[in-house]
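**Student:** Chains as they are written, first to last, in numbering that gives the first Met the number 0: chain A, 0 to 223; chain B, 0 to 223.
Treat each hint with caution, since some may be false.
Pulled from the structure, derived: some chain B residues nowhere near chain A, Cβ distances all over 12 Å [claimed, not checked]:
hint: 1; residue: I72
hint: 2; residue: T79
hint: 3; residue: Y92
hint: 4; residue: Q191
Stretches of chain A that chain B covers, calculated by requiring three or more beta carbons in the stretch to come under 8 Å of a beta carbon on chain B [claimed, not checked]:
hint: 5; region: 112 to 122
hint: 6; region: 151 to 164
Think about it this way: if two alpha-carbon atoms lie no more than 27 Å apart in a straight line, the pair counts; the simulated DSSO-like pairs of lysine-lysine are [as the list claims (entries may be wrong)]:
hint: 7; chain 1: A; residue 1: K54; chain 2: B; residue 2: K182
hint: 8; chain 1: B; residue 1: K182; chain 2: A; residue 2: K101
hint: 9; chain 1: A; residue 1: K120; chain 2: A; residue 2: K182
These are calculated hints, taken from the structure and not from any lab test.
Even glycine gets a Cβ: it sits at the ideal position worked out from N, Cα and C.
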Amino acid sequence: MANNEEDVKLLGFWASPFSGRVKMALKLKGVSYEYLEQDIVNKSALLLELNPVFKKVPVLVHKGQILAESHLILEYIDQTWKNNPILPQDPYEKAMARFWAKFVDEQVGPVCFKSVVKADKGIEVAIEEAQELITFLEKEVAGKDFFGGKTIGFLDLVAGSMIPFCLARGWEGMGIDMIPEEKFPELNRWIRNLNDIEIVRECIPQREKQIEHMMKVAERIKLA
Amino acid sequence: MNQEEQVQLFGLWGSPFSKRVEMVLKLKGISYEYIEEDVYVKKSDLLLNYNPIHKKVPVLVHEGRSIAESLVIVEYIEDTWKTSYPMLPHDPYERSMARFWAKYVDDKVMLTLWKACWGPESEREKMVEEAYEGLKHLEEELGDKQFFGGETIGFVDIAADFIAYWFGIAQEASGVMIMTVEKFPKLQRWSQNFVGNSIIKEVLPPKQKLMALFKAQFGNNASN
């Protein structure tokens, strides 16, 4: 088969929210791509060659150019394919989207899963600290269909891949009701809105498989 | 001047994160009001109002709205003041690569360099090894360019400000020598170019003050 320069390849891992969000972005823009599932434990020579610095997924290859780090890949996709914009145009709104996305991956991820699993100060304190962070997001999405407004945007892709379809599967497996409806009505509404979108549904891992996977991750965290 | 148009920066004299923003404001010729926040002593009500999530500096306030996280702020400045001194390349791929290296410095390298100087004894060897690895990647990326940004200071140079200036002082204060001219000639040359720039020079905190700060804060942990 002729190697088309325009070909897009995505190296990913089925359970990874970081890979999932890139898939969503590509689908949103109608970009066809070749998906290469990676074994993140026994990493392939290809992965190590394409991402020698971080050795992680996702990695996007477009026109022979290689990109790593999901936020950067999302921004690249947005700049390259102009339909269905992901990031807002307004500089302040853009800055806010980037700020909250960083917050989701750097704070919410670790505090709301890793710290809960380890529960160094007891499970109740861990849940309280996790919910404190999640409350910021509750406020951020209040009154809106999505973080991006009427349609899904950058923060929806980041938080959507991370929270309801990754962390929440972990909480389910642990028997924790982390974001009850009474406490987080806005976020719960947002999750229902996400579930209505075909692109999102197509790019999330199967529920039971993900719960099983998150339990394995939890085990590794406990042993570390 | 219209009050709303004013730019205010809440910063800390010795912080490389805070200084990143000041450097960019000065390179772009943007006037601003600087407010020193001694965050280790007491955080002002104003700061807590503008950055309730992280309660940290730097925070930029422009047109009455606040933005936190130094590199998010730098990108906001880039998006808002488009005509003077571009910090990022125009091409989407080159732009993504600049962001990638800035992220690498910010997320990985800075912390390992710091820990290599002052981390717990048990982790020291591992941190020194990781520090070398990080610097090697950067040495390679820099190559024969004057700056990471090419002929002028760019996004990655700003992100790596710690390496150009603070790290040298940290090494001197802790007695741990990692970024030697023999091992990293290109990074050494780059550091000199960076701190020698007339605008950057004005912004950098005084060496003696930083040295005294490092020795006071970390002197007890320094190995003999």
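**Student:** Say whether it holds or is violated: I72 of chain B keeps its Cβ farther than 12 Å from all Cβ of chain A.
**Tutor:** Non-interface label fails for I72 of chain B: nearest chain A Cβ at 7 Å, not farther than 12 Å.
**Student:** So is Q191 of chain B really clear of chain A, every C-beta pair being over 12 Å apart?
**Tutor:** holds (25 Å)
**Student:** Take the C-alpha atoms of K182 of chain B and K101 of chain A, compute the straight-line distance between them, and say whether it is at most 27 Å.
**Tutor:** Roughly 34 Å between the alpha carbons, so the hint for K182 of chain B and K101 of chain A is violated.
**Student:** Holds or violated: the region 151 to 164 of chain A covered by chain B, criterion of 3 or more residues with Cβ-Cβ distance under 8 Å?
**Tutor:** n = 0 at 8 Å, threshold three: violated.
**Student:** If I take the minimum Cβ distance from T79 of chain B to any residue of chain A, is it greater than 12 Å?
**Tutor:** Incorrect as stated: the minimum Cβ-Cβ distance to chain A is 5 Å, not above 12 Å.
**Student:** Take the C-alpha atoms of K120 of chain A and K182 of chain A, compute the straight-line distance between them, and say whether it is at most 27 Å.
**Tutor:** holds (23 Å)
**Student:** Closer than 8 Å, Cβ to Cβ, for at least three residues: run that test on the region 112 to 122 of chain A against chain B and report holds or violated.
**Tutor:** violated (count 0)
**Student:** Looking at Y92 of chain B again, its CB stays over 12 Å from all of chain A?
**Tutor:** Y92 of chain B not clear of chain A: closest Cβ-Cβ about 5 Å, inside 12 Å.
**Student:** Measure nothing beyond the straight line between the CA atoms of K54 of chain A and K182 of chain B; if it is 27 Å or shorter, mark the hint as holding.
**Tutor:** Since the Cα atoms of K54 of chain A and K182 of chain B sit roughly 24 Å apart, the hinted pair holds (cutoff 27 Å).
Going through the hint list in order, the structure does not satisfy hints 1, 2, 3, 5, 6, 8.
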